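Colleague: Each chain, letter by letter, is given below.
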Amino acid sequence: MESVFGLVGKDFAIVVADSSAVHSILVHKTNEDKIMLLDSHKLMGASGETGDRAQFTEYIQKNVALYQFRNGIPLTTAAAANFTRGELATALRKNPYMVNIILAGYDKDIGPSVYFIDYIASLHKVDKAAFGYGSYFALSMMDRHYRKDMTVEEAVDLVDKIIMEIRSRLVVAPPNFVIKIVDKDGAREYGLA
Amino acid sequence: MSRRYDSCTTIFSPEGRLYQVEYAMEAIGNAGSAIGILSKEGVVLVGEKKVTSKLLQTSASTEKMYKIDDHVACAVAGIMSDANILINTARVQAQRYTYAYQEPMPVEQLVQSLCDTKQGYTQFGGLHPFGVSFLFAGWDKNYGFQLYMSDPSGNYSGWKAAAIGSNNQAAQSMPKQDYKDEITREEAVQLALKELSKTMDSTSLTSEKLELAEVFLSNGIVKYQVCSPGALSKLLVKFGVTQPAADAS
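Just so you know, the protein sequences line up as chains A and B, in that order. The UniProt record's numbering applies: residue 1 is where the first sequence begins, and numbers increase by one. The UniProt record's numbering applies: residue 1 is where the second sequence begins, and numbers increase by one.
Since the hints were made in silico from the structure, they are not lab data. Model, not experiment: these values are computed from the prediction. Errors might be hidden in some of the hints.
[To be verified] Derived pair list, reagent style DSSO-like, types lysine-lysine, alpha-carbon separation capped at 30 Å:
id : chain 1 : residue 1 : chain 2 : residue 2
1  : B       : Lys-49    : B       : Lys-176
2  : A       : Lys-62    : B       : Lys-141
3  : A       : Lys-125   : B       : Lys-180
4  : B       : Lys-40    : A       : Lys-108
5  : B       : Lys-49    : A       : Lys-108
6  : B       : Lys-67    : B       : Lys-180
[Stated by the list, open to error] Simulated DEER-style distance windows between Cβ atoms:
id : chain 1 : residue 1 : chain 2 : residue 2 : range
7  : A       : Asp-127   : B       : Thr-206   : 58 to 68 Å
8  : B       : Asn-88    : A       : Asn-71    : 15 to 25 Å
9  : B       : Lys-40    : A       : Met-1     : 53 to 63 Å
10 : B       : Thr-52    : A       : Ile-120   : 12 to 22 Å
11 : B       : Ile-221   : A       : Glu-58    : 36 to 46 Å
12 : A       : Arg-70    : B       : Gly-144   : 16 to 26 Å
We treat Cβ as the ideally placed atom computed from N, Cα and C, and that holds for glycine.
Make a model of the complete structure from these sequences and hints.
Modeller: Structure follows, in structure tokens:
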């Protein structure tokens, strides 16, 4: 029942995730943050097995930090995406991580980018992506309304439309969502100054 | 000077020296020299070939210059069989990086990784260090063109001009006057050939005794090119480093 989706705008990328933590019929909390800041200019939104989600995203985050400490330069978004996919692929035939990931980043010379990484280690560089039951609605809305080079206002408007659709049409719809944005100034939660 | 401390890599001498590492550097001091010069437009590597016999089968292989990856090459000085092992190690490390990140390995990281391997042989295992020094020449998008020198101890540093092999101490100080930061690619080649001719024992230089390779950008793509013997002869004449071919007749 988790939803994660993301899209690329003019000079930014957005990742949105629901914020409910559910076990069977019980809602543990409604303000769970499922979008991790990998570094100053990268976001990793994840959905799937709760323990795996926290474990794997933290593992990637710490490895991204280690790279920067060792080498004095940050990983590019593409390098981080490929590294993440490699870790999922290595574990796949032994001890798979049941985590689906939307990775968004901003690189100085390349601009914004979004990567779709599913739990069986597929990797696709995309303009828009979604996971979970909400993806049925998110992808349809994005197919209808998404254009290249949208402004932040237009993108957030589309995000709002998607959230409304999920809320009204999904049977056990999550009530709250977290929106995070990454651009040349860094990765941060949208709506916070 | 205690002789009993020099046959084991894993212990220090009372003066705080690792004799095996120093002896490895001695071995390199008897090998053919190599010089590298860094310019804004590329890196040039020249090497002195020690094995010059008419009977030698000169095919596509080189004695001093090796390509590690599409964007990194190296010149070697020292024991060739040791060098081959390390070159292969460097090639594997570069490909392993690209396998994980789908990007070329930054030059300094490659050098550092290889030097970590070399350092291992000075600290544990009971095996002697590699008797090889390297000059690494490469390009990456973080720092552009770079030149690194590494030795058997596993130390490395970045240089604008560097020399390894025989007479390297003299050759290392030579470019100080002639080198300037804005040196062009052609001037770097000229400087490298001139310096090498000064350090070499032989009176006349021919293209059979040298190898020259360059790392440069062509249409935005990094190229590694070994100079052909014909082109090298022309360069030697052009820069006044050798006698023209006319008096060979």
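Colleague: Which numbered conditions among the earlier hints are violated in the structure presented, ordered from lowest to highest?
Modeller: 3, 5, 10
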